[in-house]
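Using the sequences and the hints given, assemble the complete structure.
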Amino acid sequence: MQIETTLKPTKEINPKKINYKQLLLKFVGIGPLLILLCIVVSIINPAFLTMQNWINLLTASSGIWIMAMAMTMVLLTAGFDLSVGSVMALSGVMLVNLLSSGMPQILSILLTILTVTALGLLINGLLIGKVGLNFFVVTLGTLSLFRGIVFVWTNGETKYVSDYPLVMTLGNGKLGMLPYPIIIMAVVFLASFLLLKYTSFGRSIYIVGGNPQTAKLSGINVTLVITVVYAISAMFASMAGIIETGRLASAAPTIGTSTELLVAAAVLLGGTSFKGGVGGVTGTALGVLFIAVLQNGLSLANVSSYWQNVITGVILILAIFLNHIKSKNA
Amino acid sequence: MKNSETAIEFNQISKFYPGVKALSNIKFSIQWGTIVGLAGENGSGKSTLLKLLTGIEKADEGEVKVRNKPIHSIKDSIQQKISMVTQEPSLVDELSIAENVIVNQPGKWILNWKEKEQKTDYYLQKLGLNLNVKSKAGSLSPDQQQLVSIARALSTEPDILLLDEATSSLTDDQTELVLNLLKEFKGNNKIVIFISHKLKEYLKICDEIIVLRDSDYICKLVPPDWTEEIVISSMVGRELTNLYPMKRTMKDSEKMLSIENLKMNNSISKPLNVDIKTGEIFVFSGLVGCGRSEILRALIGEVDFVGDIQLAGKPYPVKNTVDAFKKGITLIPAERKSEGIVGHLSVYENAILGIRSKKSLFGLIKRKDELKIVHKIIEDLGVKTASVHTPIENLSGGNQQKVILGKAISIGPKVLLLDEPTRGIDVGAKAEIYHLLRKLSEEGLTVIISSSDLQEVIGVADRVGVMFRGELKTILTEKDVTEENIMYYATGND
Chain V
1 MQIETTLKPT
11 KEINPKKINY
21 KQLLLKFVGI
31 GPLLILLCIV
41 VSIINPAFLT
51 MQNWINLLTA
61 SSGIWIMAMA
71 MTMVLLTAGF
81 DLSVGSVMAL
91 SGVMLVNLLS
101 SGMPQILSIL
111 LTILTVTALG
121 LLINGLLIGK
131 VGLNFFVVTL
141 GTLSLFRGIV
151 FVWTNGETKY
161 VSDYPLVMTL
171 GNGKLGMLPY
181 PIIIMAVVFL
191 ASFLLLKYTS
201 FGRSIYIVGG
211 NPQTAKLSGI
221 NVTLVITVVY
231 AISAMFASMA
241 GIIETGRLAS
251 AAPTIGTSTE
261 LLVAAAVLLG
271 GTSFKGGVGG
281 VTGTALGVLF
291 IAVLQNGLSL
301 ANVSSYWQNV
311 ITGVILILAI
321 FLNHIKSKNA
Chain H
1 MKNSETAIEF
11 NQISKFYPGV
21 KALSNIKFSI
31 QWGTIVGLAG
41 ENGSGKSTLL
51 KLLTGIEKAD
61 EGEVKVRNKP
71 IHSIKDSIQQ
81 KISMVTQEPS
91 LVDELSIAEN
101 VIVNQPGKWI
111 LNWKEKEQKT
121 DYYLQKLGLN
131 LNVKSKAGSL
141 SPDQQQLVSI
151 ARALSTEPDI
161 LLLDEATSSL
171 TDDQTELVLN
181 LLKEFKGNNK
191 IVIFISHKLK
201 EYLKICDEII
211 VLRDSDYICK
221 LVPPDWTEEI
231 VISSMVGREL
241 TNLYPMKRTM
251 KDSEKMLSIE
261 NLKMNNSISK
271 PLNVDIKTGE
281 IFVFSGLVGC
291 GRSEILRALI
301 GEVDFVGDIQ
311 LAGKPYPVKN
321 TVDAFKKGIT
331 LIPAERKSEG
341 IVGHLSVYEN
351 AILGIRSKKS
361 LFGLIKRKDE
371 LKIVHKIIED
381 LGVKTASVHT
391 PIENLSGGNQ
401 QKVILGKAIS
411 IGPKVLLLDE
421 PTRGIDVGAK
431 AEIYHLLRKL
441 SEEGLTVIIS
451 SSDLQEVIGV
461 ADRVGVMFRG
471 ELKTILTEKD
481 VTEENIMYYA
491 TGND
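Residue numbers (the working numbering), protein chains in the order written: chain V, 1 to 330; chain H, 1 to 494.
Hint data in this document are derived by calculation from the structure and do not stem from the laboratory.
Where a beta carbon is used, it is the ideal one built from N, C-alpha and C, also for glycine.
Treat the hints with caution; some may be incorrect.
Stated by the list, open to error - Only pairs whose alpha carbons sit at most 30 Å apart, straight line, appear in this in silico DSS-like list of lysine-lysine:
hint : chain 1 : residue 1 : chain 2 : residue 2
1    : V       : Lys-328   : H       : Lys-51
2    : H       : Lys-337   : V       : Lys-275
3    : V       : Lys-275   : H       : Lys-358
4    : V       : Lys-130   : H       : Lys-327
5    : H       : Lys-263   : V       : Lys-130
6    : H       : Lys-327   : V       : Lys-197
7    : V       : Lys-197   : H       : Lys-372
8    : V       : Lys-130   : H       : Lys-319
9    : V       : Lys-275   : H       : Lys-384
10   : V       : Lys-197   : H       : Lys-384
11   : V       : Lys-130   : H       : Lys-359
12   : V       : Lys-130   : H       : Lys-358
13   : V       : Lys-326   : H       : Lys-58
14   : V       : Lys-326   : H       : Lys-75
15   : H       : Lys-51    : H       : Lys-200
16   : V       : Lys-328   : H       : Lys-384
17   : V       : Lys-326   : H       : Lys-51
18   : V       : Lys-197   : H       : Lys-358
19   : H       : Lys-384   : V       : Lys-326
20   : H       : Lys-200   : H       : Lys-384
21   : H       : Lys-384   : H       : Lys-414
22   : H       : Lys-337   : V       : Lys-197
23   : V       : Lys-326   : H       : Lys-337
24   : V       : Lys-130   : H       : Lys-414
As the list claims (entries may be wrong) - Stretch-level coverage of chain V by chain H, calculated; a stretch enters the list once three of its residues show a Cβ under 8 Å from a Cβ in chain H:
hint : stretch
25   : 204-212
26   : 216-222
Claimed, not checked - Among the chain V residues that face chain H by a calculated CB cut under 7 Å, a handful are:
hint : residue
27   : Tyr-198
28   : Thr-199
29   : Ser-200
30   : Phe-201
Right under this line is the structure:
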C-alpha cells in the first residue's frame, strides 16, 4: 500500500541482548520446581521412583486432573467454578441410582454425563454467561445445591457398585500395563490441549477472558463461550465422579468435598491466572503432578496427615510466590 | 529572586526498559515561572521523563534534581510539591467526587467533610464544573472525569504541575479554560510541564518547547521562531507533506445506510434522520456527550433504540454486536486498551480475531492460512512490530490501532465505524490511517467516524454531521466544513 508521506520507520530495537536475570527465572517455573521436588522425594524414599508408586500416584489424582483441565478453561475466561466437587458427588450418586434401577451400564454412564452437563449448562452457564450474574455467587450456590441434593437422595448413606463390571473397569481396570484412569487422563488432557490451541472456540476463550469488550466488538459470541465453558466444567467433573465411583467401588455423599480448592490450587500453580486470558492446560498438568507428588512424598516420608496439610499449604504458597516473581519479571 | 534559579535539572538521564531504550543522555533544565511543552511522537520518551519527576520510575543513569535535591522516590517528589495528571483519569468510580479530589488532608486525624466538600467545589468551579461534589465519580462523563483529575492535582497546591495528555478528552471550550488556568498558575512563579497531542495547544501556552525523538533530546524551541510545521518536522525528523488525503464529493453514489427516526432510549436523544452513501467518509462531530458515540453503538446493537435503519436497501434489525458483525457493520472503539485489544496476547491473535469470528465457533484453526492473513494485514497496513508473536501491548498506540483496523477490514465489512480513530496516536501514524481510510472508501467501503478532534474532522470528512445534545443540527459539505461552522452548530445554534 502506498502512503505518500515522507516517513521512515523508527529505530529498531536490538532483540539479541541476553538478560541473565530472565534466563535464571526460567528455572523457577512449575516444571523445574516439580523436578526438584521429585529429586528430593526420591532421595528421602527411593520407593518413590518405582513404577507401581507412579501408577498409584497418577490413578489417585485422576479426578483432580480431569477437573483441573476444565477449571483451566473456566479460569481463562476470568471465572471460577466452585461447584465441581459437588457435581462430582452428584454424578456418582446418579450413576449408582441409574444402575440399581436396572438400566444398562453404558447407558447409565452416558445419561449421567449428559444430565450433569445439562445441569452445568443450564444453571451455571446460563446464569453466568447469559444473565450476567457473578460466577462466584452462582457456583457457590450450586456447590451447596448439588451437595444438598446428594445428601437428600442418599439419605447420607454410601452406595456400593462392586456388581457392575464396566464401572469397576473404568476405575480399576487395566489396558495392558496402563490403568484406565490414566488412559482417560491422557485423552482428556490431549483433547483439552487441542481444543484450546487449535479450535476457534479455544482461542475465543482466551480473548473473552483477556478482554470481553474486545471479544464482543470482534464478533465473538461471548455469552455462548462462557456458557459452554461451564458446561464443559460440569461434564469433566461428572467424568471424574464416574471414575472415582469405580475406583472406590462406591459412591459416598461426602466425596469431593472441598476438592474445588485443590483443583484451583493446581490450576494456579500451573500459571493460569485468575485475571483471565493467561495460561493453559500444560501448566495445569504440571500443577496437578506437583500436588500429587508432594502428597505422595509426604506419605512416603511417614509424615502424619495433620502435618501433611500444614506442609502442603506452606509449599503451595511458596510455589505461587515464585510464580508471581517470575511473571513480574517476564 | 526565585525566578533566576534553576528549578528542575535533568542531568544526563538515561532509562532502559527490557529491550528498549526509553531515554538517552537527556540534559536540560527548567526555570521557575515557565510552561514547558514536551513534544515528540509516541514512544519518544515524553511520559517516561515525567514519570522520573514523580519518582514512579528511576533513571538508570544520571540524576533528576528539583531545587538542587535529587528525586529518588515518590516521597521526594511529594516533598517538592510535584503533582501529575495523566491521560486516563484514575478516579475511584464508587467514591464521591469530593473524596476523589481531596484524597488526604495532611496533618488531620479526623476528616473534615465540610472543608473537603468546600475545597472540592472551589476547584471544580475554577474548572467550569457545576457538579454535586457528593455524587459518584463513576457517574461522570469522560471529560468531566478528566477535569476532576486536574482538580485533584491542583488541590494539592503544587509548585510543579505535570500534565500528560490531560486535555485529550476535553472539548475545545474546556481545553481553553484549562489552558488559561495554567497560565494563571505559572504566573505565581510555578512550573507546568505539558504534553499534548494537539500542537496548537503548545503554541498557545508554552514558553518553550522541548522536542524529543527516539529517546533523544532534539532541540528547544522558543517563540517567535516556531510554527506548527517546525515543531512537527523536529518531532518526526523530516517534513510531513500531506497529513490529510484528498477529498471526494459523493454526488451520485447510492445509499448504503439510511437511518430514519433513530431514537436511543436515553433522555437527550432526539429522532435522527440521515442517509449515508456508499464509499463516503461521514463524520459525526460535536462536543463530548452530544450523543455521537451512541449512534455508532446503536448501529452495532450495543445501545437500545427505536427507528428504522436500512442497510444497502434492506431492513437492518440488529440484536447485538455478533449480529451486526455478521451483517457487515463493525466498530473500532475509542478506548483502545479497554475495548480494542487483548493486551497480553500477540499481534497475531489480535489481528486474526475478525476472520475467526466469521467462521464457526467450533471449527478447527488452520495456522498456516491464518499466518498468511496476519502477515498480509501487517504488510498492507504498515504495522511496525518485531514479530507477529509480540504481545500487542508492546506496540505503540499507532501500530496497535493499525492492527485493530486490519482486523476490522479483514472481514470485508460494508460499513466501518470508528470512534475517535486517532486518539493518542502520533502524527505519522495518524497520516497513515487517514490515507488508508480514504483508500478503503475509494474501494467502496462506507466509513462513519465520530471525532472530537476538529482538525481531524475537517481533514478527513466528505460530509460532517454536527450534533448538539442528542440532536443532529446540520450536515455540512464541501466548503462549509470549517472550524467556525462546526463550533457554531455544536454549541446549539440553528
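Looking back at the hints listed earlier, which ones does the structure fail to meet?
none
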